[in-house]
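Chain residues, written in single-letter form:
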Amino acid sequence: MSAYENPQIPEGINVSPTHPLKDFALLLGGVSALIVVAVLALSFAAGYLVRFVPFEQERALASSIDADWLKQSHSADDKRREQYLQALGRQLAAAMDLPAEMQITVHYSSDDTVNAMATLGGNIVVFQGLIDTVDSENALAMVLAHEIAHVRHRHPIVAMGRGFTVMLALSALSGVGDGMIQQWVGSMGMLPMLAFSREQEEAADADALQALLRVYGHAGGAATFFEHVAEQSALPEPPALLNTHPDTDARIARIRDFEQAHIRPDELALKPLPDFVKSDKTDGTDPD
Amino acid sequence: MYDLILFLILLVLGYVFGQIAEKRHFRSIIQREAELRDVLCFTERNVPEMGRIDSALVCGSVVISIDFFKKFVAGLRNLVGGRVSAYESLLERARREAVLRMKAEAKARGAKSVWNVRLETSSITKDASQGVAAVEVIAFGTAVTPR
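Keeping their order, the protein sequence lines are chains A and B.
Residue numbers for the first sequence follow my numbering, so the first one is 1 and each next one is one higher.
Residue numbers for the second sequence follow my numbering, so the first one is 289 and each next one is one higher.
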C-alpha cells in the first residue's frame with residue numbers, strides 16, 4: 001500500500017471559474033436582447049404581411065367583434081348624433097384619398113369615455129364623453145380624421161396581426177423555459193410593440209391635419225382635444241417609451257406648428273357643433 | 289408589478305443564501321478531505337493480495353438542493369446552451385461530500401482503503417417544473433481493513 005499516495009488536488013478543476021453574477025448578467029442581457037430583436041423582426045414582418053389581407057376580409061373579421069357600442073339600443077337623439085357623425089366622417093373620408101374598397105362606418109356610443117377609437121373593418125367609435133369635451137366641429141373633426149387615418153393606414157389590422165404573431169412566438173418561446181422565464185420573456189416582448197404604435201399615432205396626426213386643411217381651409221381648433229387631455233392629466237406622464245400615444249406636449253406643439261404654417265386669417269372661424277350632439281349633462285350653452 | 293418585485297426578492301435571497309451555503313460547504317469539504325486523506329480510494333474492482341483482511345460495503349449519500357438564483361440562471365442557459373456553471377459547482381459539492389461520507393464510514397471501521405468505488409447521481413423532483421429540484425449523489429465501495 002505504501003506505493004500509493006493521496007496528493008492534494010488543486011481546487012476548481014470541475015467548476016467553471018466564472019463569477020455567478022457575471023454569468024447571470026451576460027445571460028440576462030443576451031437573452032433579453034435576442035428576444036427584443038426577434039420580436040421586432042417578427043412584428044415588422046407580420047405588420048408588413050398583414051397589409052396584404054384584403055379589406056373585405058378585414059370587414060368579415062370585424063363582423064365577429066362583439067362590443068357594447070355595436071348593439072347599443074339607440075334613442076332618437078342618439079340616432080341623430082350618429083347620423084351627424086357619419087356625415088362628418090364621410091366628408092372627412094372624401095378628403096383623405098381612401099382606397100375605393102375602404103368604407104368607414106362611424107358608430108356613436110353614449111358612454112362618457114373621453115375618447116374615440118378605430119378598429120377592424122373601418123369601424124370607428126366616438127364616445128359622448130369626447131363630444132362633450134370639444135368646443136367646435138373642427139376639434140371633433142380632428143379626432144375623427146385621426147381615427148380615419150388609422151383605418152386608411154390599416155393600423156388596426158396591423159396591430160392585431162402583430163399582436164397575434166408576437167403572442168404566439170412568446171408563448172412558444174416561454175414554453176422552453178419555465179414559469180419565471182415566461183414572466184421575463186413576456187415583459188421584454190411588449191416593449192417594441194408600444195414603440196411601434198407611437199409612430200402610427202404620429203402618422204395619423206399628420207394625415208388628420210391635412211384632411212382638416214382640405215375640408216375647412218385651415219387647421220384651427222385641431223389641438224383642442226389634446227390640450228384638454230393635457231389639462232386633465234395633472235399626474236406626471238409616463239416616459240414616452242412606455243406610452244402608446246405621443247407625448248402630449250410634443251403632440252400639441254406639432255399640431256400648433258401646423259396650424260401656424262397654414263393660417264388664413266379670413267377663414268379662421270371655427271365651425272360650431274350642432275346643438276343636439278352635446279349631451280344633457282353639460283349645460284348646453286350656445287356655442288356661438 | 290408585484291410579481292416582478294417578489295421575483296426579484298426571491299432572486300436576491302436565492303443568491304445571498306445560496307452563495308453563503310456554497311462557500312461554507314466548500315470550506316468544510318476542503319478541511320475534511322485533509323483529515324481523511326489517509327483513507328485511499330480505488331476504482332479497481334479486485335482487492336489486491338494483502339494478507340488477511342476484513343471487508344465491508346461502505347456508502348455515503350448526500351442530497352443538495354438548488355437555490356432560486358441557480359435555477360433561474362440555468363433556465364436562461366437552457367435557451368442558449370453552453371456550460372451550466374451554476375450546476376457544476378452544485379454537483380462538485382455533492383460528489384465530494386458523498387465520497388467524504390463514505391470515507392468517514394470506512395475510517396470508523398478502521399479501514400485504510402476503499403476499493404471498487406462507484407458514484408451514482410440522481411435528480412430528485414425531476415419533472416416538477418414548479419418545485420425546486422435537488423440532486424442526490426451516492427458513493428459506495430468496499431472498505432478493506434487489515435486484520
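Some hints here could point you the wrong way.
Residues from chain A that keep clear of chain B, each with C-beta distances beyond 12 Å, as calculated [claimed, not checked]: (1) E5; (2) P20; (3) L40; (4) M96; (5) V215; (6) P274.
If you want a taste of the chain B side facing chain A, the calculated C-beta under 10 Å gives, among others [unchecked claim]: (7) L299; (8) L301; (9) F305; (10) V327; (11) L328; (12) F330; (13) C347; (14) G348; (15) L367; (16) V372; (17) L379.
To give an idea of the interface, some chain A residues facing chain B are shown, with a C-beta separation under 8 Å as derived from the structure [as the list claims (entries may be wrong)]: (18) N14; (19) S16; (20) F24; (21) L27; (22) L28; (23) G30; (24) V31; (25) T165; (26) M167; (27) D257; (28) F258; (29) Q260.
These are calculated hints, taken from the structure and not from any lab test.
Note that CB positions come from ideal geometry on N, CA and C, so glycine has one too.
Quick rundown of the hints versus the structure:
Chain B draws E5 of chain A into its interface by the beta-carbon criterion, the shortest separation being 8 Å against a cut-off of 12 Å. With a least beta-carbon separation of about 6 Å from chain B, P20 of chain A fails to lie farther than 12 Å from that chain, contradicting its non-interface assignment. Non-interface status of L40 of chain A relative to chain B is upheld: no Cβ of that chain comes within 12 Å, the nearest being about 18 Å off. Residue-level check passed: M96 of chain A sits 41 Å from the nearest beta carbon of chain B, beyond 12 Å.
The claim that V215 of chain A lies off the interface holds: its Cβ sits roughly 44 Å from the closest Cβ of chain B, which is beyond the 12 Å cut-off. With 12 Å as the threshold on Cβ separation, the claim that P274 of chain A sits away from chain B holds: the shortest Cβ distance comes to roughly 45 Å. The restraint placing L299 of chain B at the interface with chain A holds, with a minimum CB-CB distance near 9 Å, inside the 10 Å limit. With a cut of 10 Å, the hint placing L301 of chain B at the interface with chain A is violated, because the nearest CB-to-CB distance is about 14 Å.
Taking 10 Å as the C-beta contact cut-off toward chain A, the hint placing F305 of chain B at the interface is violated, the least distance being around 13 Å. The interface hint given for V327 of chain B holds, since its Cβ lies 8 Å from the closest Cβ of chain A, which is under the 10 Å cut-off. The criterion of a C-beta within 10 Å of any C-beta in chain A is met by L328 of chain B, whose closest approach is roughly 6 Å, and the hint holds. The closest approach between the C-beta of F330 of chain B and any C-beta of chain A is roughly 8 Å, which is under the 10 Å cut-off, so the hint is satisfied.
With 10 Å as the threshold, the beta carbon of C347 of chain B stays out of range of chain A, its nearest partner Cβ sitting at about 20 Å, so the hint is violated. Because the closest C-beta pair between G348 of chain B and chain A is about 17 Å apart, greater than 10 Å, the hint is violated. Interface hint status for L367 of chain B: upheld, as the beta-carbon distance to the closest one in chain A is roughly 6 Å, under 10 Å. Residue-level restraint check for V372 of chain B holds (minimum Cβ-Cβ distance to chain A is 9 Å; threshold 10 Å).
Satisfaction of the interface hint for L379 of chain B is found here, the shortest Cβ-Cβ separation to chain A being roughly 8 Å, below the 10 Å cut-off. Among the interface hints, the one on N14 of chain A holds; its C-beta lies about 5 Å from the nearest C-beta in chain B, closer than the 8 Å criterion. Interface restraint check: S16 of chain A against chain B, minimum CB-CB distance 4 Å, threshold 8 Å, status holds. Because the closest C-beta pair between F24 of chain A and chain B is about 5 Å apart, less than 8 Å, the hint holds.
Checking L27 of chain A against chain B: minimum C-beta separation of about 4 Å stays under 8 Å; hint holds. Hint status for L28 of chain A: holds, given a least beta-carbon distance of 6 Å to chain B, under 8 Å. Hint status for G30 of chain A: holds, given a least beta-carbon distance of 7 Å to chain B, under 8 Å. Checking V31 of chain A against chain B: minimum C-beta separation of about 5 Å stays under 8 Å; hint holds.
Among the interface hints, the one on T165 of chain A is violated; its C-beta lies about 20 Å from the nearest C-beta in chain B, farther than the 8 Å criterion. Taken as an interface hint, M167 of chain A does not check out: its beta carbon lies about 19 Å from the nearest beta carbon of chain B, beyond 8 Å. A distance limit of 8 Å between C-beta atoms decides the matter here; for D257 of chain A the minimum to chain B is near 37 Å, and the interface restraint is violated. Using the Cβ-Cβ criterion of 8 Å, the hint placing F258 of chain A at the interface with chain B is not satisfied: the shortest such distance is roughly 38 Å.
At about 42 Å, the closest approach between the beta carbon of Q260 of chain A and any beta carbon in chain B exceeds 8 Å, and the interface hint on this residue is violated.
The structure fails hints 1, 2, 8, 9, 13, 14, 25, 26, 27, 28, 29 (numbered hints given earlier, in ascending order).
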